[in-house]
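Chain by chain, the residues run as shown.
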Amino acid sequence: MEDIITIFRILLLISLIVCAVATALSKRVMTALIIFTSYSIVMAVVWLLLRSPDLAITEAAVGAGVNGVLFFLTLRKLHLIDKDFADDEDGKIDEGVNVNEE
Amino acid sequence: MLMKNNKFSSLLKEWYEGNLSFDERMNIETEKPVIKKEETTEKQKIYLVKDVENAEEKLTSKGYKFFSVIFCVILAVILVGTVNFMPLFADDNTPTTNEVYEHYVGEGRDQTGAVNTVAGMILDYRAFDTLGESFVLFTATCAVLLLLEQSKDKPIKKRETFTYTNDPIVRLVVKLLTPIIIVFGIYVLFNGHLSPGGGFSGGSVLGAGFILFAMAYGEDFAAKVITPKIIRVITICSLSFYCLAKSYSFFTGNEFNGIHSIITPGTPGNIVSGGLILPLNIAVGFVVCCTMYSFYMIFKRGRLD
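Chains as they are written, first to last, in this note's numbering: chain F, 469 to 570; chain B, 70 to 374.
I should point out that these hints are in silico values taken from the structure, not numbers from a laboratory.
Misleading hints may appear alongside valid ones.
As the list claims (entries may be wrong) - From chain F, some residues computed to sit far from chain B (all C-beta separations above 10 Å):
{"hint": "1", "residue": "V537"}
{"hint": "2", "residue": "L538"}
{"hint": "3", "residue": "L548"}
Stated by the list, open to error - According to the in silico footprint, chain F covers these stretches of chain B (three or more CB under 8 Å from chain F):
{"hint": "4", "region": "257-268"}
{"hint": "5", "region": "273-281"}
{"hint": "6", "region": "303-317"}
What you are looking at is a predicted structure, and each value in this text was computed from that prediction instead of being measured.
Here a beta-carbon is modelled for each residue, glycine too, at the ideal position from N, C-alpha and C.
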């Protein structure tokens, strides 16, 4: 049992480093953001293994939830999310699936 | 008194009442250096207004500068003087490395009444630390509101009105999940002194639940349910309650002045125990929750209402 937990811990730490490096190296902002959110989720599990569950709850709620939402909103306002689908009609950004048609 | 006739205060008032649009505000701020580039004085830099001509205001600004310098010098002297009394860095005999740790772990449960030692530390022994963190969150909300708020007359741009209110899957899932998330947040908040969690964790879970609610039901509906007035009242009441409660324990905690605190730790393990830790947890949680929610609303809509 101890061996399994040790292996799990090493895997978590390796994925943490991989996520951190990939966030910095990825070229598209959207991809970087998704990897950053997954970094927060892994970090929450690491906090749990370090025996500080209160920090794990905070990390999961803030790092993965609220932070991600705020980042996505900012990217949406900067029009960096739908860059692949843009430029279809007079430079307007594609509005996505659900739009309030008025 | 000091700022009574000032143009800056009237400008601030207009900002506050939302009569000016965001661009107008920016114009007012940037107009000054463009027009009077050569004759910009220190006084105008302070007030950020176009022209200050009153002699009375000149006097006020001089006094303002003088007293601010005096205040900073006094503060620096106090802070640097305090460093003199501190023990040397990384000294083996300092109380921090020996006594404090043993005291917190050994007697924390009996003294604070909190089973969760971390809650006893951050809300009882080091409560002023947490008070500062709450005020940092409050200041962050104010700064975001000042920077990103849009005026009411300006309609929200169409390309920014993406919502999930018409999506049946998202709506159903959120309808099922939101009550569970909010109840879990309240549980974490109220059990902060018994189990892992506390103000910050519970508050962020609560805030995430409200953000989910606002996402699924539309920001217009959410702004009607949770009005800016509610957010303002809750935040200010929580912060003032924290200040008053900790001032009370600060003055009654001293054994030498003869006043004793009527708040007792109670039986460790009960839900109503731990003295002030439970109400303080709730206050911090409300502040964090309001901060998260208003961040989302300002980022998404540009305003709270």
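Quick rundown of the hints versus the structure:
Not every Cβ of chain B is farther than 10 Å from the Cβ of V537(F); the closest lies at roughly 6 Å, contradicting the non-interface assignment. Not every CB of chain B lies more than 10 Å from the CB of L538(F), the least distance being 6 Å, so the non-interface label is violated. Once the 10 Å rule is applied to beta carbons, L548(F) is consistent with being away from chain B; the minimum gap is 13 Å. Coverage of the region 257-268 of chain B by chain F holds [criterion: at least 3 residues with CB-CB distance below 8 Å; count 4].
With 5 residues having a Cβ less than 8 Å from any Cβ of chain F, the region 273-281 of chain B passes the three-residue criterion, so the hint holds. Counting residues of the region 303-317 of chain B whose C-beta lies closer than 8 Å to any C-beta of chain F gives 0; at least three are required, and the coverage claim is violated.
Hints 1, 2, 6 from the earlier list are contradicted by this structure; the remaining hints agree with it.
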